[in-house]
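Taken in order, these protein sequences are the chains called R and H. Under full-length UniProt numbering, the letters of the first sequence match residues 1 to 183, in that order. Under full-length UniProt numbering, the letters of the second sequence match residues 1 to 150, in that order.
Check before you lean on any hint, since a few could be wrong.
[As the list claims (entries may be wrong)] Simulated restraints, written as ranges between beta carbons of each label pair: (1) R/93 to H/19: 21 to 27 Å; (2) R/165 to H/141: 24 to 30 Å; (3) R/176 to H/79: 45 to 51 Å; (4) R/130 to H/83: 23 to 29 Å.
These are computed hints drawn from the structure, not numbers from a lab. Just so it is clear, CB atoms sit at the ideal spot from N, CA and C, and this is done for glycine as well.
One letter stands for each residue in the lines below.
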Amino acid sequence: MALEEELHEQLDEATADLVVRARDGDGAAWSRLVDRYSGLLWSIARSFGLNEADGGDVVQMTWLRLIERMDQIAEPGAVGGWLATTARRESLRTAQRSGTRRLPYDVREDAAPPPEQILLARERLGDVAAALQALPRRCQVLLRMLALAPSYAELAAALDIPIGSIGPTRARCLDNLQRRLPR
Amino acid sequence: MNEDELLVRLRAAFQALDPIPEDVLAAGRSAITWRRPDAALAELADDHNRPLPAGVRGVTTRLLTFAGTELSVEIEVTGTERSNRELTGRLVPACDAHVRVRHLTYAHDVLSTRTDKAGQFVLPRVPEGLVSLEFHLSDATSVVTSWVRL
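With the rest of the complex left out, here is chain R:
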């Protein structure tokens, strides 16, 4: 087994363990689950062009959905993919309700960070942040999910693309980013 796959398997086990412990009333395990996946859920909501308030709603709704069916989860290790799919569905619903006309992968003005934050990012992260901003939006979204999703299964659910098509897309976007970075 490739090292990467092995790591993912360990992570899945840990997620399963957290879900089972949270189900038994372990609040600390629940918090760790929230800390592990909230970043991914947030980035899914933001990829739909939702503002901060709506994005926060989506993340919260997703956690409440998990709480609702905590006792019906058949595969606790696969909960990450379920969370990502749920966040997509809630994002879509929220975008429709609030009349967001833009499609996912589009940037809304109010999603732009304050200028001083960009400046800070440039100073601290320099090349990567600048290179990112020059990429097509689709690649930006993919790389963001890639950086946050613990496994391919979760990445596929977050992007709503077949797991088999991740490899090539991922390689293309990473390559595109690398080419924009100074050697």
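Given the structure of chain R, go ahead and fit chain H onto it with the hints provided.
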């Protein structure tokens, strides 16, 4: 730069550009306090707006249906005020129950009522936000609905 380094820097870049607000994280952590392992879930089965009769303007009606294994809940939501909603509901089959609003933002303000003989109830002023209803039945069992945004 190898791929692992690149991913670390990507994570840092997104964290700096668009961090998840701390209050969103905190709300997620406290979501577990809403768990009711002893209550049956009535899941959202339908959510649509009823078209207004011709000639009537203004207030729209939203119809929500929650389906559980033994009990379904039908709710009509009307927006009588900007920030408050009126909920008119019905339990199917009709039964006697104590009804309580679980409101994410107003967790400590208890808003409750009882059903009448036909299983109907009215909650005239429910603030907008994330809401779930909880029913305590006369046989001491409980039912909660899925969360919805009012």
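So, going through the hints one by one against the coordinates:
| no. | hint | in the structure |
| --- | --- | --- |
| 1 | R/93 to H/19: 21 to 27 Å | 24 Å, holds |
| 2 | R/165 to H/141: 24 to 30 Å | 47 Å, violated |
| 3 | R/176 to H/79: 45 to 51 Å | 47 Å, holds |
| 4 | R/130 to H/83: 23 to 29 Å | 43 Å, violated |
Hints 2, 4, counting from the list given before, are not met by this structure.
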